[in-house]
Amino acid sequence: MTIPSETTAEPTTAITPAATGGSLVGRSPGQLMWRRFRRDPTGMISAVIVLFFILVAVGAPLISLLYGKDPYTTYGQDRPGLLNDFGFPLLPNGGISSEFWFGIEPGLGRDVFMQLVYGIRTSLLIALTATIATTLIGIVVGIVAGYVGGRTDYFIGRVIDVLLSFPSTLFIIAFMPVLENLMVKPEEETPVWLRAATLIIFLTIFGWAGLARLLRGNVLSLREREFVEAAKVTGASPARIVFKELLPNLWTPILIQSTLLLPALVTSEAALSFLGVGMIEPTPDWGRMFLRGTEVYTDDITYLMFPGIALLIFVIAFNLLGDSVRDAFDPKIRR
Amino acid sequence: MLRFLTRRGLSAAFILLIVSAVTFFLFFAVPGDPARLACGKVCPPETLVQARHNLGLDQPIFVQFVEWVSGIFVGREYEGLGHCPAPCLGYSFVNQEPVFGTIVDRLPVTLSLTVGAAVVFLLFGVGTGIIAALNQGKPLDKIASVSSLIGASVQIYFIGTLAMYFLVFQWQVIERPRYVPLTEDPIGWAYGLLLPWIVLAIIFTANYTRMTRSTMVEQLSEDYVRTARAKGMSARTVVLRFALRGTLTPIATIFGIDLASLIGGAIITETTFSLQGIGRLSIQSVNNDDLPMLMATVLLAAAAIVVFNVIVDALYAVIDPRVRLS
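Here the protein sequences line up with chains A and B, keeping their order. Each residue of the first sequence is one higher than the one before, counting from 716 in this note's numbering. Each residue of the second sequence is one higher than the one before, counting from 10 in this note's numbering.
Derived by calculation from the structure, the hints in this document are not laboratory data. Cβ atoms here follow ideal geometry from the backbone N, Cα and C, with glycine treated the same way. Treat each hint with caution, since some may be false.
Here are the computed distance ranges between Cβ atoms for each label pair [what the hints assert, rightly or not]:
1) A/G741 - B/R12: 54 to 60 Å
2) A/R866 - B/I196: 40 to 46 Å
3) B/P330 - A/E996: 57 to 63 Å
4) B/V113 - A/E904: 35 to 41 Å
5) B/Q105 - A/V899: 27 to 33 Å
Residues from chain B that keep clear of chain A, each with C-beta distances beyond 12 Å, as calculated [claimed, not checked]:
6) G65
7) V72
8) F74
9) T192
10) L303
Facing chain B, according to a computed beta carbon distance under 7 Å, are these residues of chain A, among others [stated by the list, open to error]:
11) V740
12) I1016
13) V1030
Could you build all of it, start to finish, from the sequences and the hints given here?
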């Protein structure tokens, strides 16, 4: 255990012996955090919900196998008696039946349940990759700016200023077709992986600046603290100071920010799909379900309800989880 | 104050220049010929060359950018197309007229949407925040925190569409949102935008409730609030004159960000309610390959962000005398 980590855990060490009632047990800040987290029912419930979404995403093929349908087959078009002449489900409530649990997609006639289950995969995969990339870039740039200081800091600061002033949604919408023109020949279709990669890159480019600015501020104040000075005096290399002295003190803001970033990116991705520049057919995607849902809502409101409620639960669970993680890390903040 | 404003103004202008340069070079570096659009469907080669020349597209991209920027300040002459007066943001190939006019036409819609919603969510958000802070831990506080959690997590294209479905089509309690100029019919203006205002407010209020509540709780335990109470001031004065003032700084910060992002184009809101504001305009210009129009909307959105940043920073000094502008 390094000196800095103990300083962060200071306020808690005094409480723990009383809580356990007796003999002193040495615990790492991570263990302490986990103990506090476990005692927070809201946090645990939201963690279970988040875990459930992740399990569904991972186990989508298994669910598909058990359920006996896949997200690509256009059941409504292949089988007569499911959709009417206008492409809307014949049964009430969006065609919900014992066979199609969440109904049938208007028009193409695909299974809504399967679309939703596989949609989590798309959303989570894109958002998770973008979150990891964003966090990594944010950490590196933030630490470099704060630790090196001087001109480097000034330059990075201006780049962050510009990025934060960029109307990112508008820019992505505008630039997506431009980029596709460059990468894909007009007669070819855009490959799914390319669109996913572009989305991740765009979300990352516009995402890291906020985290980097936050971490820079933290590093600036940490840099002046005694333990860093002590490390410098003892002749520690810059790498050691960054990795062993500074980074352990930054894990808390990093973890909190990335838990809050993930749901934000899931909704950003959904918003981009809703505006028509997200994932492309036939890859199932929540945002595109919203787009289709808002096209047909006057005739079939049920179709919109499923992605709407699913996304709502997902985002609420993640936001609550983020709050609980923050509380667990920083017992001084009481909401 | 003046020195601060000058300095921040200059850095804002610098940021805008960078944003527009990046956008300009990225967009105009694409293979594709905007002149073809200007020229129409049947386009003889010589007309195409003429159109390209008139629009200045035959010049090197750097020269084009310099001309574009100088056009904003001194106006620009388009050969064969006429004069484009001072804030000349370019010439729309699709509409066959200067971009600025269209922006001016559409801006009132976005501004009305923003201002109306902002008034609702600011008053409502801060109000609920104060009530929640004063009733800490009681049922009212719980209700406020649960509803703000849901509000913060819901998506505008979801509740906006639900509101349209139930309130407009099923129960018919309100008409389809539409824009009536304020100068023409103030009541019609408010009535036409009521639904988008409410829906936007639901989403934005949450942030203000949470922020107000947490800062207010902190402020209420400050020494100066206790002193005010001890002096025998009424609870009303203590909360509204003393504690509230301390909570205004963080609220001003998020209010600036929200206003800027809404003015820069409430793309999703305008799409959901089919209002013809700047947000819709930007989407339409993407679909029409109308690059000059798109450039103008990007610039407008970026300008809204940097201008509000400066305003918020200046406001800090007004709200909190301890803040020194530097």
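Index of numbered hints that the structure contradicts, given in increasing order: The structure breaks hints 2, 10 and 11; every other hint is satisfied.
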